[in-house]
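Engineer: Chains as they are written, first to last, in the working numbering: chain A, 13 to 141; chain B, 13 to 141; chain C, 13 to 141.
Read the hints as simulated data drawn from the structure, not as lab findings.
For every residue, glycine included, the Cβ atom is placed at its ideal position computed from N, Cα and C.
So these bits of chain C aren't anywhere near chain A, every CB distance computed over 10 Å:
| no. | residue |
| --- | --- |
| 1 | T42 |
| 2 | R90 |
| 3 | K114 |
Keeping only pairs whose Cα atoms sit at most 25 Å apart, straight-line, the calculated BS3-like set for lysine-lysine is:
| no. | chain 1 | residue 1 | chain 2 | residue 2 |
| --- | --- | --- | --- | --- |
| 4 | C | K101 | A | K67 |
| 5 | A | K141 | A | K45 |
| 6 | B | K45 | B | K96 |
| 7 | B | K101 | A | K141 |
| 8 | A | K31 | A | K96 |
| 9 | B | K101 | B | K45 |
| 10 | A | K45 | A | K31 |
| 11 | A | K114 | A | K45 |
| 12 | C | K96 | C | K114 |
| 13 | B | K96 | A | K141 |
| 14 | C | K109 | C | K96 |
| 15 | B | K67 | A | K45 |
| 16 | A | K109 | A | K45 |
| 17 | B | K67 | A | K109 |
| 18 | C | K114 | C | K101 |
| 19 | A | K67 | A | K114 |
| 20 | C | K67 | B | K31 |
| 21 | B | K67 | B | K114 |
| 22 | A | K96 | A | K45 |
| 23 | B | K45 | C | K67 |
| 24 | A | K67 | C | K45 |
| 25 | C | K141 | A | K101 |
| 26 | C | K109 | C | K31 |
| 27 | B | K101 | C | K67 |
| 28 | B | K31 | B | K96 |
| 29 | A | K67 | C | K31 |
| 30 | C | K109 | A | K67 |
| 31 | A | K101 | B | K67 |
| 32 | C | K96 | C | K31 |
| 33 | B | K114 | A | K141 |
| 34 | B | K67 | A | K31 |
| 35 | C | K101 | B | K141 |
| 36 | C | K141 | A | K96 |
| 37 | C | K114 | C | K31 |
| 38 | C | K67 | B | K109 |
| 39 | C | K141 | A | K114 |
| 40 | C | K96 | B | K141 |
Listed below are the residues making up each chain.
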Amino acid sequence: MPLARIDVDASTSQEVRRKLSDIVYDAMATIAKVPVHDKFMIVSTHAPGDLVYPKEGYLGIEYTPGIVFIQITWNAGRTTDVKKAFYRKIADDIHEKTGIRKQDVFINLVDVSPENWSFGNGEMQYAPK
Amino acid sequence: MPLARIDVDASTSQEVRRKLSDIVYDAMATIAKVPVHDKFMIVSTHAPGDLVYPKEGYLGIEYTPGIVFIQITWNAGRTTDVKKAFYRKIADDIHEKTGIRKQDVFINLVDVSPENWSFGNGEMQYAPK
Amino acid sequence: MPLARIDVDASTSQEVRRKLSDIVYDAMATIAKVPVHDKFMIVSTHAPGDLVYPKEGYLGIEYTPGIVFIQITWNAGRTTDVKKAFYRKIADDIHEKTGIRKQDVFINLVDVSPENWSFGNGEMQYAPK
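With the rest of the complex left out, here is chain A (with noise of 0.2 Å):
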């Protein structure tokens, strides 16, 4: 059900690319309890200057070029206990497995009704009973 955007530099290599969907969908998977295979994402790519961020930082975290923006709309519902583990865990692999800054994660959460996703084949599959 979530529906990921991860937006990043055109330099990103597709190997990277792949890489941060595979970690976004490990975390929602082990820490938000969301369905096995439940992994649908949009990778977009910019030209330099298209990812914007302040060059002074904010709140004192200083951002690059690299920076990943990661927007994810899902199920209202998880706590907020979930929610830090969940930003923990995706910052956290991310340095580990790509190099990336964790100053660079960018996370946001947009929460939706169950009603409000089809899967295909033109079905509503979380359908009230």
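Fit chains B and C to the known structure of chain A by using the hints.
Structural biologist: Structure of chains B and C alone, referenced to chain A:
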């Protein structure tokens, strides 16, 4: 008022991309009672591998690299039955008019408030009375 | 905290794209009281025909291929009056500083919760106390 994002593989022709936006608009107008001419969409194309789906399938549905992601932000208030009919019509029409598999039509809705739109001119056209 | 997506035609120069993000940030800071340096945006460029708008216009507004889509995800809580002033300032400033028609400035807001953000480092910076 809806703003639809349609994300497809870079090999998708301009003609098919145009058909996809026409089909989504038609379903919005006929099923979801969106006002006539309320047709605003952003189509994006992606390199191979950047549209991510589970190779194992999900909920019994198998996907191909021809997967089409449709994410629509619109005003809250549509019923479950309307959303069901909306998914059905989009998938059926896409298959009939472009040959894309129904299984490859992924749809997600994001509900917002009427005051969250400006359709140009710096105005809030749906402002509360 | 806002994450703004700005979608423009591929013919839009890098300088205008930079101006657009500066203008949106300025309106967020001065009108919507977003914290200073909270400037995170994703600019995307699109092939001709991929920014879809009604050829007949909508609500009396006519559009051109130079249409600019601005979709901002931010924390819920802004009043209708703030949103109105926000739309006004963005459209006015875009026209004044880039020459883009005010009619071609389309804006949509998506409201989320404070715990739905990580600004880097794997932390939930806006966690409830």
